[in-house]
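Using the sequences provided together with the hints, build the complete structure.
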Amino acid sequence: GNSVTQMEGPVTLSEEAFLTINCTYTATGYPSLFWYVQYPGEGLQLLLKATKADDKGSNKGFEATYRKETTSFHLEKGSVQVSDSAVYFCALSDRSNFGNEKLTFGTGTRLTIIP
Amino acid sequence: SAVISQKPSRDICQRGTSLTIQCQVDSQVTMMFWYRQQPGQSLTLIATANQGSEATYESGFVIDKFPISRPNLTFSTLTVSNMSPEDSSIYLCSVRDRGPYEQYFGPGTRLTVT
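Residue numbers (our numbering), protein chains in the order written: chain A, 1 to 115; chain B, 1 to 114.
Worth flagging that the hints you see were computed from the coordinates, not collected in a lab. Just so you know, not all the hints are guaranteed correct.
Said to hold, decoys possible - Result set (DMTMM-like, lysine to aspartate or glutamate): computed pairs, CA atoms no more than 25 Å apart in a straight line: (1) A:K60 to A:E15; (2) A:K52 to A:E76; (3) A:K52 to B:E102; (4) B:K7 to B:D87; (5) B:K7 to B:D26; (6) A:K77 to A:E42; (7) A:K68 to A:D94; (8) B:K7 to B:E58; (9) A:K52 to B:D97; (10) A:K56 to B:E102; (11) A:K60 to A:D84; (12) A:K68 to A:E8; (13) A:K77 to B:E102; (14) B:K65 to B:D11; (15) B:K7 to A:E42; (16) B:K65 to A:E101; (17) A:K56 to B:D97; (18) A:K60 to B:D97; (19) A:K77 to A:E63; (20) A:K56 to A:D94; (21) A:K60 to B:E102; (22) A:K52 to A:E101; (23) A:K77 to A:E16; (24) A:K68 to B:E102.
What the hints assert, rightly or not - Here are the in silico distance ranges between beta carbons for each label pair: (25) B:T44 to A:Y30: 19 to 25 Å; (26) A:D55 to B:T44: 22 to 28 Å; (27) B:Q28 to A:G29: 24 to 30 Å; (28) A:S58 to B:T114: 41 to 47 Å; (29) A:E69 to B:S18: 48 to 54 Å; (30) B:K65 to A:Q81: 39 to 45 Å; (31) B:T20 to A:G61: 38 to 44 Å; (32) B:K65 to A:S58: 36 to 42 Å.
Note that the structure is predicted; figures quoted are calculated from it, not measured. Every residue, glycine too, gets a C-beta built ideally from N, C-alpha and C.
Right, here's the structure in full:
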């Protein structure tokens, strides 16, 4: 079956530090990959996505590259801000299983940025 | 992207009662999904709700406990029946909007069962 393994948190960084949150996946088909963010007290927001190997998703200064050879989709940001404090979820959807588009989520990584 | 609202935003319920959660979308969507996020945990899909057909439940979730309605392309409800404290979670609906395999989430309903 499909699974997503995420870097365990919590992660605490100083403002302007470089961020990496690791994500690796196992999929039987051809997954699309996503990063979602959940700010305190809010629902999930789609942060970025990639639908095929070597695609790079980017948004709000965050980037992630779909690496098929290492089955990874690590989230990076060059300079984090206090407002980036949130829980980040890596997820996949199996495109080979049309009609069953469930998202499989990682466990989430809580990120706290200190001024 | 679609704007999704949920009602109620939160509730505290007694053991043995039922709660119906509503999910409203501002545009017509084919696929709607219901997820559960237990405290400190990740999200787990409960069921997929397509208009005009029975909901499809994931392993570990049954219709008697989580009946779902999908009367049209903009609305769905999830009922949590005969609640116990273990049902305390955030319940989120999501929709497939722009492209395939891309889902957008509502703000969630935070349920506490005492």
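Results for each hint:
1. A:K60 to A:E15: This hinted pair holds, its Cα atoms lying about 15 Å apart.
2. A:K52 to A:E76: Satisfied, since the Cα-Cα distance of roughly 18 Å is no more than 25 Å.
3. A:K52 to B:E102: holds, 14 Å
4. B:K7 to B:D87: holds, 17 Å
5. B:K7 to B:D26: Answer holds: B:K7 to B:D26 is near 14 Å, not above 25 Å.
6. A:K77 to A:E42: Between A:K77 and A:E42 the Cα gap is close to 22 Å, so the pair holds against 25 Å.
7. A:K68 to A:D94: Within the cut-off at roughly 14 Å; holds.
8. B:K7 to B:E58: Holds, because 23 Å separates the two Cα atoms, which is no more than 25 Å.
9. A:K52 to B:D97: Judged against 25 Å, a Cα distance of about 19 Å means the pair holds.
10. A:K56 to B:E102: holds, 16 Å
11. A:K60 to A:D84: holds, 10 Å
12. A:K68 to A:E8: holds, 22 Å
13. A:K77 to B:E102: holds, 22 Å
14. B:K65 to B:D11: holds, 18 Å
15. B:K7 to A:E42: holds, 14 Å
16. B:K65 to A:E101: The given pair, whose Cα atoms are some 23 Å apart, holds under the 25 Å limit.
17. A:K56 to B:D97: Given pair A:K56, B:D97 holds - Cα atoms ~21 Å apart, limit 25 Å.
18. A:K60 to B:D97: Holds. A:K60 to B:D97 sits at ~21 Å (cutoff 25 Å).
19. A:K77 to A:E63: holds, 6 Å
20. A:K56 to A:D94: holds, 18 Å
21. A:K60 to B:E102: holds, 18 Å
22. A:K52 to A:E101: Holds, at about 16 Å.
23. A:K77 to A:E16: Given that 25 Å is the threshold and the Cα spacing comes to 9 Å, the pair holds.
24. A:K68 to B:E102: holds, 19 Å
25. B:T44 to A:Y30: 19 to 25 Å: holds, 23 Å
26. A:D55 to B:T44: 22 to 28 Å: Hint holds: Cβ distance 27 Å, inside 22 to 28 Å.
27. B:Q28 to A:G29: 24 to 30 Å: holds, 28 Å
28. A:S58 to B:T114: 41 to 47 Å: holds, 44 Å
29. A:E69 to B:S18: 48 to 54 Å: holds, 49 Å
30. B:K65 to A:Q81: 39 to 45 Å: holds, 42 Å
31. B:T20 to A:G61: 38 to 44 Å: holds, 40 Å
32. B:K65 to A:S58: 36 to 42 Å: For A:S58 against B:K65, whose Cβ atoms are near 41 Å apart, the range 36 to 42 Å holds.
Comparing the model with each numbered hint stated earlier shows that all of them hold.
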